[in-house]
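**Student:** If you read the sequences in order, they're chains H and S.
First residue of the first sequence? That's 4 in this note's numbering, and the numbers climb one at a time after it.
First residue of the second sequence? That's 7 in this note's numbering, and the numbers climb one at a time after it.
The hints are simulated quantities; they were obtained by calculation from the structure and are not laboratory data.
Careful, some of the hints might be misleading.
[Said to hold, decoys possible] Subject to a maximum C-alpha distance of 30 Å in a straight line, what follows is the list of computed DSBU-like cross-link-like pairs (lysine-lysine):
#	chain 1	residue 1	chain 2	residue 2
1	S	Lys620	S	Lys522
2	S	Lys514	H	Lys62
3	S	Lys924	S	Lys912
4	S	Lys161	S	Lys331
5	H	Lys62	S	Lys620
6	S	Lys349	H	Lys62
7	S	Lys349	S	Lys93
8	S	Lys349	S	Lys297
9	S	Lys320	S	Lys93
[As the list claims (entries may be wrong)] Which residues of chain S face chain H? A partial, calculated answer using Cβ under 8 Å:
#	residue
10	Ala164
11	Leu172
12	Arg176
13	Glu217
14	Ser219
15	Leu221
16	Leu222
17	His351
18	Val354
19	Ala384
20	Glu386
21	Gly387
22	Trp388
23	Asn390
24	Leu391
[Stated by the list, open to error] Reference listing, derived: stretches of chain H covered by chain S, where coverage requires no fewer than 3 residues with Cβ under 8 Å from a Cβ of chain S:
#	segment
25	12-26
26	34-43
27	56-65
The structure presented is a predicted model; accordingly, all values stated were derived computationally and were not measured.
Each residue gets a CB set at the ideal place from its N, CA and C atoms; glycine is no exception.
Letter by letter, the chains look like this.
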Amino acid sequence: MASTACFVIVSRNDIPIYEAEVGSALKKEEAAHQHQFILHAALDIVQDLAWTTSAMFLKAMDRFSDLVVSVYVTAGTIS
Amino acid sequence: MNTRGVKHKDFGGLDNGDDRAAFLNHAYKPLSQFVLDDTFREFEFRQYLFACQSKLLFKLNRPVEVASRGYSFIISYSKALSRHENKLPFCFREVWIISACLALINATVSRYDGGLVTPDVEKEFFRLQGDLYSLSRVKFMRLAYLIGYGMDIEKSPANSAALSMLSWPRPAVWPSVPPDASTRVAAKEKLLQSSPKAKHFGIQRKPLPLEPSSLLREANRRRASLSAGNIFELFDGQHNLTPKDGPGADGSPMTPPPNKIPVSSMSRTNSGPVHFENSSLIRSPVDRPMKLSEVHVAAEHALNATISDPDLLKALSSVHDFELKYLDLTKGAAENYNRSWWKRHGVVLDGEIAAVCYRHGNYDLAAKSYEKVCALYAGEGWQNLLAEVLPNLAECQKILNDHAGYLASCVKLLSLDKGLFLVQERQAFESEVVRLAHSEMKHPVPLDVSSLITFSGNPGPPLELCDGDPGTLSVTVWSGFPDEISLESLTLTLIATFSADEGVKVIKSSSALVLKPGRNDVTLPLPPQRPGSYVLGVLTGQIGNLRFRSHSYSRGGPPDSDDFMSFEKPIRPVLKVSKPRPLVDLSAAISSALLMNEAQWVGLIVRPIDYSLKGAILHIDTGPGLKIEESHMIEMESCNEAFEGFGQIRNSNNISTDNSSTGGGGYERLPLIDGKLKLPDWASNLTSVLWLPVRAIDDRLLMGTSAVISQRQNIVDGMRTIALKLEFGVSHNQTFERTVAVHFTYPLYVSTRVSDKCKDGTLLLQVVLHSQVKATLTICDAWMDLQGGFVHVGKDDGRPTPGFFPLSICPSSRAGIMFCIRLGSTTNGDESELLKSHSILNIRYRISGDRALGAHSPMVHDGQDASTGSRELLFKSAIVLQRPVLEPSLAVGFLPLPSDGLRVGKLVSMRWRVERLKDIEGEAPSIHDGEVLYEVDANPENWMIAGRKRGHVSLSLEQGSRIVISVICVPLVAGYVRPPQLGLPDVDVTNISCNPAGPHLICVLPPTLSSSFCIPV
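Looking at chain H on its own, in the form it has when it is part of the complex (with noise of 0.2 Å):
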């Protein structure tokens, strides 16, 4: 089954600064803003989880249906 994921770098302010669509997928024109919509609502979660745990890597933090959302937070903030 082709896979696609969506690695994004979100600043301290919450700004992408960075985003790459990868997978062996086909490219789907709305694969882009669903991409950018899940990550962007899981910032909700980061911010929240974020603080209450040591570790930086928050694994599937987020589901959206079969999207699993992953994120590495440094110690800057920068996801």
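Starting from the known structure of chain H, arrange chain S on it as the hints suggest.
**Tutor:** Here is chain S on its own, set in the frame of chain H:
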């Protein structure tokens, strides 16, 4: 349940009313009876267990925990429902989840008082509420889409993400069209044919999908597989695609199929019309493929059979009711997410509410909600999402006549990443801006285009100007507009970096300009600024009636390529205005004197000090006693050439600094027009010498120079001034004024003396010539016109020996000429010669000098000044000769003193004898009367005089008459003292012969001893 020996139990859920979740109602079904009947079913039992659990938790006043556990229960229970979906009624799972979520919400909210809970727990509660609302909302949208209300669901990223990743229901048999449904099919057909809402600005973007795959294809495929007996695909559909629920919801997507049924080679998503056509060949003609409207009617029919909840039935009965319920759920979700501080979830749902408001013409509310969404996305820089919502906001603002907001939205749209919109779409945004800018706005508003138009100074060092200079500032303006845009004006502010109270300076472009997309180089005229360093402030401009401003600096790149941290960079100065400093120097080229009354070149050194004199104009105004020879042109040459070989001059004038850089010199003759002179371009950056032809005028020449009376010629008499004013700079804004003093002199200074007196009455008149100039003078001829009473000895022409000439006089040296004269008869000669009181010395000379040094040969005519010595000049000097007195008329003799010597305190008689030697004419009247005035002069410290010191004595007019004048004196001090002198004030001293002369000093003895001072012992 599949264990051998255990009776297989049905899952349940097929009873009437089972679609309504009963997991909070433990008394929904008589469970004890089921146990007795051995009709125990999982469906009821799990709900029963949770109901008991929730009852206890409610009794413990823990509604938050009920909500949390309930949400988990719903998720896990929905998985169980999905496993049995093919045995359950159509969309049973979705209907159950909706009712479960709403039941849980109602139960927990009614028991939650928000009293004694921590803020975190409260947040968690509202977040759960939001999740529940959101989950039910998604399921509700899915049902609505199945029955044909998809056109009323906003194709937003949120809805699309929720629905397009949610698989279709998988009933055992896709419902078929009920009989006699033609009217309903027609109605659905009509609903579907309503044209989709056109995007604003003609945005051509493909709408985001709301379905995981084509519903028409899915429905027909499921019907076709059934008729073809393709049972594998059913299993495939059951196991391979585990259904998922809403955001942040259920289930592992990687659940492997429990049984190893081979996966069909036909992917679900690949089942297209072709496949459908093929499979339809073996299908009964009754199962013809359904149209989409029929699919909706069939789904609606099946759903009506599934749903027992009248409220839900009503909500799905019409588009209007659907929207009401949809709004209800969306508002609930948004409100709870906002209260739980999940602003992103909340604001996004606010945007969905705004879409409904917009559809119903409630633009005010829609705009407010869209503004919140746009502010969130724009603030966090999620441009893809912003690009979806911002056109909607713009449209609302346009309808509401909110010009300021609409323009700002258009600018924001233009400043988004270029890849997000087509060129035509961006052009549409720009045309809207231009259209509004040129329309009549009731309340013109300034527009901030910082994100669209950025500016920076040119790379490289800042523009450096001298104080008082205007300039041209070149700035780079980056335009983010897709097309050229014409500006009525463009202004920039300059902010001084050295002091805050200086205020801002505004510079404005002189004319309208057109900004191209991308980089534009704009030049702005810069008026003179005060000294200091300046940075760019704000860019403002005008498009039509619209004033815009930009605060955004770019570092040499287009606005979008600049990173977002650029505003934190230190700002580079673009302009430096230096403090006032001398820019040019005007000075006299030489310090030595020039020839008076002759045409001479005055050198003026024009020295630019690191400043161009291009186009400079020199005003020349000569002072009194000096005029410019207009018959000659002014010459200009480079300083190097003018002073070649005269290093000392160059050093003394300190002009060697900038000459080395400007190798090539120049020479030009320039006209002087109305006292103004335009400097040539070649001399702009070059130290050059300006040669002015001038003539100093001294009217006293006719009177002659009195060589006898004044020892030296007064320097001030030869001083002349030239007032210079140089206008230079880019717009002649700089001026430099200086008055240059030039010293003029006659070539020679003459002093005379009578060196000898011969017995024959011949006088030797020595004339000493002092050279006054730094040039070699060659005396060619000299003669003297004597005043009356004197005549030359020998030849009558009054010239010295002819072989004496030419006589060369070096600078600063002197020479002498001797004339032999004697007293002559005053009777010969005419009357005028008798009256002449001065002798005139005439000297014909040549001068050999260089104008770079000082005095030089006057120019004869234009251009031939250098032929030194070619012209003889005449120098005249007046000399006053005094006739000597050879025959005195009176003789004064000092008679001898007594032989016993003089003592202090002892009276002594001083006697003088006055004798008339001859009769003379023209003496004082007293003499004619036989009276002579005398005066005795004595030092009162040495002498006490008794008697008349001054008085008249009678002296006969006859020759040889004599008289003795005596005065009694007492010496006061001992020693050699000067005796009293007799003077005759009325008689000229030359007419008195003192022969023999009186003694210069006489001896006075101390006083004799007096006995009265002796005291006997």
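**Student:** Give a verdict on every hint.
**Tutor:** Against the structure, the hints:
Only pairs whose Cα atoms come within 30 Å are accepted, and Lys620 (chain S) paired with Lys522 (chain S) is rejected, the gap being roughly 35 Å. Under the criterion of a C-alpha separation no larger than 30 Å, the hint pairing Lys514 (chain S) with Lys62 (chain H) is inconsistent with the structure, at around 57 Å. Taking the CA atoms of Lys924 (chain S) and Lys912 (chain S), the gap is about 38 Å. The hint is violated against a cut of 30 Å. The hinted pair formed by Lys161 (chain S) and Lys331 (chain S) meets the criterion: a straight-line CA distance of about 18 Å does not exceed 30 Å.
The suggested pairing of Lys62 (chain H) with Lys620 (chain S) is violated, with an alpha-carbon distance near 74 Å, which exceeds 30 Å. Note on Lys349 (chain S) and Lys62 (chain H): the hinted pairing holds, with a Cα-Cα distance of about 22 Å set against a maximum of 30 Å. Straight-line distance between C-alpha atoms of Lys349 (chain S) and Lys93 (chain S) comes to about 41 Å, which puts the hinted pair past the 30 Å bound. Annotation: proposed proximity of Lys349 (chain S) to Lys297 (chain S) is violated, straight-line Cα distance about 42 Å (limit 30 Å).
Our distance criterion of 30 Å between C-alpha atoms is met by Lys320 (chain S) and Lys93 (chain S), whose separation comes to about 26 Å. Checking Ala164 (chain S) against chain H by beta carbon gives a least distance of about 6 Å; that is within 8 Å, so the hint holds. For Leu172 (chain S), the suggested interface contact is upheld, since its CB lies about 6 Å from the closest CB of chain H, less than 8 Å. A least Cβ separation of about 16 Å between Arg176 (chain S) and chain H goes past the 8 Å threshold, and the interface hint is therefore violated.
Taking 8 Å as the C-beta contact cut-off toward chain H, the hint placing Glu217 (chain S) at the interface is violated, the least distance being around 12 Å. At its closest, the beta carbon of Ser219 (chain S) sits 12 Å from a beta carbon of chain H; the interface hint therefore is violated under the 8 Å criterion. The interface hint given for Leu221 (chain S) is broken, as the beta carbon of that residue sits about 17 Å from the closest beta carbon of chain H, more than 8 Å. Annotation: interface hint on Leu222 (chain S) violated; nearest CB of chain H at approximately 19 Å, more than 8 Å.
A cut of 8 Å between beta carbons decides the hint on His351 (chain S): the least distance to chain H is about 6 Å, and the hint holds. Checking Val354 (chain S) against chain H: minimum C-beta separation of about 7 Å stays under 8 Å; hint holds. A hinted interface residue such as Ala384 (chain S) counts as satisfied when its beta carbon comes closer than 8 Å to some beta carbon of chain H; here the least separation is about 10 Å, so the hint is violated. The interface hint given for Glu386 (chain S) holds, since its Cβ lies 4 Å from the closest Cβ of chain H, which is under the 8 Å cut-off.
The closest approach between the C-beta of Gly387 (chain S) and any C-beta of chain H is roughly 4 Å, which is under the 8 Å cut-off, so the hint is satisfied. Taking 8 Å as the C-beta cut-off, the interface hint given for Trp388 (chain S) holds, the closest approach to chain H being about 5 Å. Satisfaction of the interface hint for Asn390 (chain S) is found here, the shortest Cβ-Cβ separation to chain H being roughly 4 Å, below the 8 Å cut-off. Satisfaction of the interface hint for Leu391 (chain S) is found here, the shortest Cβ-Cβ separation to chain H being roughly 5 Å, below the 8 Å cut-off.
Check on the segment 12-26 of chain H: 5 of its residues sit with their Cβ under 8 Å from a Cβ of chain S, so the three-residue criterion for coverage holds. Under the rule that three or more residues need a Cβ within less than 8 Å of chain S, the assignment of the segment 34-43 of chain H holds, with 7 such residues. With 1 residues having a beta carbon nearer than 8 Å to a beta carbon of chain S, the segment 56-65 of chain H misses the requirement of three or more and the stated coverage is violated.
Hints 1, 2, 3, 5, 7, 8, 12, 13, 14, 15, 16, 19, 27 from the list above are not met by this structure, while the remaining hints are.
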